[in-house]
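K.L.:
I would like the entire structure built from these sequences, with the hints used as guidance.
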Amino acid sequence: MSDVVLQGITHRFESEDVLKNIDLTIPHGSFYTLLGPSGCGKTTLLRVLAGFIVPSEGRVFIGSEDVTELPCEKRNMGVVFQNYALFPNMTVGENIAYGLKVRGLSRTEIQERCSRYVELAGLGDYVSRHVQELSGGQQQRVAVARALAIEPQMLLLDEPMSNLDVALRAKMREEIRAIQQQTGITTLFITHDQQEALSISDYVAVMREGAVLQTGTPEDIYNHPEGEFVANFVGTTNELENQQLRPEQLMLANADQGGTPVRISTVRFTGPFYEYTAVNEQTGEQYHILERNRGTGSARSVGDACSLVPCE
Amino acid sequence: MNSPSPKTRANAFLPLWYAFAAFLCLGYIVLPFFYTLRSATFVDGAFTLSVFQEFFGNPNHVQVALNSLKLGVGTVLVCGTLGTVLALYMTFLAGKHKMILHILLLSPMMIPGVITVIAFIQLYGESGLVTKALQMLLNLSSAPFTFKGFGAILFVIAYTQYVYFYLNVYVALKYLDYSQIEAARSLGASWGRVFKDVILPVIKPALLLSTILTFASGVSSFSGPNLIGGYKVLSTQIVLSKVNNHLEMASVQAVVMFAISISVMLLVRWYGRKTSGVQADRVATRVVPLRANPLLVLGARVVVIAQIVLILLPIAAIVYLSFMTTGSIMQEIFPHSFTLENYQTIFAKPRVLQPLLNSLEMSALAVVIGLLITVPSAYIIVRNRTKLSGVMRFLIMLPSALPASLIAINLINAFAQENIFAFNVPLIGSYIILPIAYTVMALPMLLSSNEVAIGSLHHTMEEASKSLGAGPLRTFVSVVIPNTVPGILAGGVLMFIRMIGEYTMSALLYGIHNRPISISIVTNLQEYETGISLAYGVLVILVCYVALALIFKLDKNRFV
Ligand SMILES: Nc1ncnc2c1ncn2[C@@H]1O[C@H](COP(=O)(O)OP(=O)(O)O)[C@@H](O)[C@H]1O
Ligand SMILES: [Mg+2]
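Chains A and B are the protein sequences, given in the same order.
Residue numbering for the first sequence follows the numbering used here, starting at 1 and increasing by one per position.
Residue numbering for the second sequence follows the numbering used here, starting at 1001 and increasing by one per position.
Keep in mind that a hint or two might mislead.
Claimed, not checked - Straight-line C-alpha distance at most 16 Å; calculated EDC-like pairs for lysine to aspartate or glutamate:
#1 B:Lys1096 with A:Glu14
#2 A:Lys171 with A:Glu196
#3 A:Lys101 with A:Glu151
#4 B:Lys1196 with A:Glu94
#5 A:Lys74 with A:Glu151
#6 B:Lys1132 with B:Glu1332
Unchecked claim - Take a look, some chain B residues computed to stay more than 12 Å from chain A by CB distance:
#7 Leu1077
#8 Ser1141
#9 Pro1335
Hints listed in this document are in silico derivations from the structure and should not be mistaken for laboratory results.
Computed from a predicted model, the values in this text were never measured in an experiment.
Backbone N, C-alpha and C fix where the C-beta goes; we use that ideal spot for every residue, glycine too.
P.N.:
Here's what the structure looks like:
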C-alpha cells in the first residue's frame, strides 16, 4: 500500500517557521482533510506535498519512495488550486487534455481519457467552451477533471469551495466526495470550515500556527478533542463539572432538578434546533445548549431559571 | 480606462481648442509630410517618379534600404530575447537587491544614444579600453576584433533598446496568475511548455508592442550607424543626401524608411488582432521564487550579470576618461594622467559651454510647449470621448509612427521657404526649428503620459468637489491640479531627458544659432578633442540622472 507519509516537516520563509515539525500519515485511498484557520500553513503543507517547495527540514514519502526532492512535474500529483488556475487561453476540453498532451499520449488515448473525465465531472455540454464563460461551480469541475485526468497518485484540493456561494458548497462537497469514492484516489482536502471537514472526510488533521494539533476520524476529533483550541475550532464546547461537553450533550432541566443553576440569556430558533445561551449567575460562566425542536414550541424563554445537566 | 464620464457642458473653449490643435497638427505634422511627398515626386514643378526610379534602380540604394530592414529585424530579435529573459529573471528569480537591479536595467534608456555609442567606441573600438585589455591579455599583435559594421551597431542598439521589451514584459508579468504555472507544472509540463502555454499568452501583447517600438528604432537608428560606420543605412544616407543638397533624394529615402516601419507596424498589429486570445483575468497572486532547473537559473543569472556589467562599463569608462587629458587618451594604452582641464575648458569658454546651454534650453522649451498643447488636449480626450476628440488624439499621436529622420525632413521641406503656418517666416536655420522638432517628437509620449495622469483622477472626485459647492475653477485648482501634476511633470521630465541628447533630427536641422550638445559631442570627437567630448557626455548624463531622481520623487510608480 502506498500511504503518503510526511516526516518531521519544517518549513521557513525568511526565518519564520511556517510549518513546525509536522508528522502525518495519509492512508492509501483515504479522504484526508487539513483543517485550520487561515494562515496556519495548510497551503504551504500542500505545496510541500505537491513538490512546489522543498521543505527546509523533513522528508516526504509516497509508499517507500522518498520524494522530498522530486520536482512537481515528476510527482504525478493532481492539484486543484484555490482559484482553480484554469488556463484562460484554452477551452474546457483543452484544459482537461493538457496534462495528457504534455505527457505525449496518442490522440485517441487523449480523447478517450478526456471524455471519460468530462463525463465524470458532468461537463459534457461544455467541452468546447472557453473557461471564462463558465460559472464558479463549473470551473471547479473543470479543475477537478483536469487534475484527475492525469490519473495522479493523489488529489490535492486547496480550499476548493472558498470561491463558491453557500448553496453551491454543499452540492460540490457531495460531488467531490462521490468522485473520490468512485475513483478511490487518495485525497488531501484543505478547508477552514469545520462542518465541511467533518462531513466529507475519513480523517481530519487540525492545524494551528504551523503545527498539527490532533489527527483522527471526524468522530474522534469532535467527540474527543484534545485541548481547548481543537475543541472550540471544531465546534462549541462547554466546560461542566471538569468535562468538555458539546451543546447537544447538555440539557436544560427545571430549576429544582439539581445540576448547575443557570439563567437563560438568549433563545435562537434555527428550525431543527433551539439554541440557548445560559449564564451561571454565581460564576459568570456562559453555556451553549442545543435542543431538538419537538414541534411544541420553545420550552424555555429568556430570563427563566433552569438547571443544567449533561445528557445521559 | 476611465468609466464613461458625463459629457462636459459645451462651452466656448472646446471649439477654440480644437481649432488651435488642428492648426498646429496640420501645420507642423500632417502638411510637412505632404511637402516631403511633393519634394519626392515633383522636380522643377512637374510630377515625376524619376527620383524613386533613381532610388530603386540603383542596387546601392536598395541595399541601404535592405540594411535598414535587417537592422530593424536584428534589433527586435536581440532585444526581444534579452529583454524577455531579463524580465523573466527579475519576476521569478530575483530575490535580493531587486529594486536596484531593476533601476540599473532601466538606466540605458536614460542616457542619450549618441553618448552610449561614443562610450562603446571608447571601450570596444580599435583603441578602446576593453579591446586593448583583451589584446594584452591574449598577447595578440593586433586588436582581437574590429568594432565596425552590422554586428557592432546591433550590439550598441541592443544594449539600449532592450529596455522596451524588458519594461513591457516585466509589467505584463505582474498580471500572471502564478498558480497557473504551478498547475501546468503539476500536470507534468516542462519549463518550455509552461513558457509557451501559460506565460506567453499573458505577455504577448507586451511583446507585440515592444516589437513595434524596437523595430521602429532599429530601422531609424542613426547614431550607431553614423559613428561606428561600416554599414550604410537609410538614416545615414538621408543626412548625406541633404548635405549634398539632393533634398529630393533625402525625401525619397525618408519616405522609404517610413514605408518600411509603418508596414511592419501594421503587420504586427494585424497579427496581434488575428491571434488575440482570451485575456487573462487579472488576479494578483503572491510570487514565490520558483524551483526552476538550476542550469536555467544559472544561465539567466549569467545574462543578468553580463548585462549589468555592460550597463555599468560605458558609464564608468566615460566618467574615467573625461578626467584624462586628450593626449593621454590618444597615446597611452591605459590613460592615467588625471586632469580637470576638460571641465575647466567647458565652463571657462562661453563658446564651448553654449551647446550645453542650448540643449538644456531647447529641450526645456520643447517640453513646456509640448505640455501646453497636450495637457488640455489630454483633459479633453479623457473627459470628452467624442469623434472630434478622437481625431485630435490621432493627430497628436501621429509622430509616434514617424521616424525621426522623416520628421526632420518634413520640417525642412515645409519650412525652408515661407509658410503660412509659420506666419511666412522661414524657420530653417533659425533657432526655433529644433525646439519645434523636439516638440513634435515628444507630443505622443507627453499626451499618453498626461492621459494616464488625468485618467487616474476619477471624475467622481471632481463631481464631489462640485457637489460640495466648489466652482469649476476652484475644483480645477484644488482637486484636478494637485492630483495630476506630479504625473504630468514626471512625464515632462522624462521627455526632457529624451530630448536633451537628441541626435538624429539635430544633425539634419541644427544651425549656427542652436548647435545642440549632441552635435558638439560628435564634432569634438571627430576633431580629436576627445576629452572635451567625453566631459560633455558626463555633464549630460549628470543632468539626466538629476532629472531621473526628480521623476522618482514625483511619481514613484512610473517604473515599477
Ligand atoms: N512565499 C511565501 N513567503 C513568505 N511567507 C509566506 C509565503 N507563503 C506563505 N507564507 C506565510 O506562511 C504562513 C502560512 O501560509 P499558508 O500556508 O498560505 O496558510 P493557509 O493556507 O493555512 O491560509 C502565512 O503566515 C503566510 O503569510
Ligand atoms: Mg491557503
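K.L.:
A separate judgement is required for each hint: does it hold in the structure or not?
P.N.:
Tested hints:
For the suggested pair Lys1096 (chain B) and Glu14 (chain A), the alpha carbons sit about 12 Å apart, so the restraint of at most 16 Å is met. Under the criterion of a C-alpha separation no larger than 16 Å, the hint pairing Lys171 (chain A) with Glu196 (chain A) is consistent with the structure, at around 11 Å. In summary, the hint linking Lys101 (chain A) to Glu151 (chain A) is supported, as the alpha carbons are separated by about 13 Å, within the 16 Å threshold. Under the criterion of a C-alpha separation no larger than 16 Å, the hint pairing Lys1196 (chain B) with Glu94 (chain A) is consistent with the structure, at around 14 Å.
For the hint linking Lys74 (chain A) to Glu151 (chain A), the alpha-carbon distance of about 13 Å falls within 16 Å, and the restraint holds. Taken as a hint, the Lys1132 (chain B) and Glu1332 (chain B) pair is honoured in the structure, with Cα atoms around 11 Å apart against an allowance of 16 Å. Every beta carbon of chain A lies more than 12 Å from that of Leu1077 (chain B), the smallest distance being close to 24 Å; the non-interface claim holds. Every C-beta of chain A lies more than 12 Å from that of Ser1141 (chain B), the closest at about 51 Å, which supports listing it as non-interface.
The Cβ of Pro1335 (chain B) sits about 47 Å from the closest Cβ of chain A, beyond the 12 Å cut-off, so the non-interface label holds.
Consistency note: the structure conflicts with none of the earlier hints.
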